[in-house]
Amino acid sequence: KAGVTQTPRYLIKTRGQQVTLSCSPISGHRSVSWYQQTPGQGLQFLFEYFSETQRNKGNFPGRFSGRQFSNSRSEMNVSTLELGDSALYLCASSSPPRQGDGYTFGSGTRLTVV
Amino acid sequence: GDSVTQMEGPVTLSEEAFLTINCTYTATGYPSLFWYVQYPGEGLQLLLKATKADDKGSNKGFEATYRKETTSFHLEKGSVQVSDSAVYFCALSGVVSGATNKLIFGTGTLLAVQP
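Protein sequence lines, in the order shown, are assigned to chains A and B.
Residues in the first sequence are numbered from 15 upward in steps of one, following the numbering used here.
Residues in the second sequence are numbered from 1311 upward in steps of one, following the numbering used here.
Watch out, some of these pointers could steer you wrong.
Capping the alpha-carbon separation at 30 Å, the derived lysine-lysine pairs in DSSO-like fashion look like this [said to hold, decoys possible]:
no.	chain 1	residue 1	chain 2	residue 2
1	A	Lys-71	A	Lys-27
2	B	Lys-1366	B	Lys-1387
3	B	Lys-1378	B	Lys-1362
4	B	Lys-1387	A	Lys-71
5	B	Lys-1387	B	Lys-1362
6	B	Lys-1362	A	Lys-71
Treat the hints as calculated values from the structure; they're not laboratory data.
The following block holds chain A by itself, in its conformation from the complex:
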């Protein structure tokens, strides 16, 4: 079956702009989470969605937001981009959101802010 699909793979934006990243989970998976990966901070949890509801949120400013649609696809948005937002953004899905299931990750979107 198809894996987790993230689009686009690469993105270059200018400071102050906003960006929307998309994630399509594995068919049947209803839980989607987002992570930011940077060399300095490592992998950090952004937020988790299940059945269109945000269940958990990491320690990121309000410029980072997300949503989940009825078909479980998810988007995250970053407004007023800063240079420090340059990172690999990873989406992961699981079903159901049980503790021991772990996640299946997508290949990520590489965002560069210039």
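Fit chain B to the supplied structure of chain A, relying on the hints for placement.
The following block gives chain B in isolation, referenced to the frame of chain A:
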């Protein structure tokens, strides 16, 4: 709060050498433990997992045992190959404010296997 500590890399080994990457954790309750692997330019792949004390996760020759008494989940492989070169992340998943499946990662360990 919950946290994961893993040995710093890089770890450089010759092909067929024995591998150990140490991982210890701090958590309330009974977390699930995972090892993920990341190859260059790719996302994370689940390597193995364990959901309760004394469970042993295994996959592709890699093993790790959930040790509650030492709060550890060390990754081992008896004979590494060049193709095992990647970054390895230890992670835990627990219940936070009623929401499950939030993963907390270690800093990652780069493994380089030389032929």
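Quick rundown of the hints versus the structure:
| no. | hint | result |
| --- | --- | --- |
| 1 | Lys-71(A) to Lys-27(A) | holds, 25 Å |
| 2 | Lys-1366(B) to Lys-1387(B) | holds, 13 Å |
| 3 | Lys-1378(B) to Lys-1362(B) | holds, 8 Å |
| 4 | Lys-1387(B) to Lys-71(A) | violated, 35 Å |
| 5 | Lys-1387(B) to Lys-1362(B) | holds, 21 Å |
| 6 | Lys-1362(B) to Lys-71(A) | holds, 26 Å |
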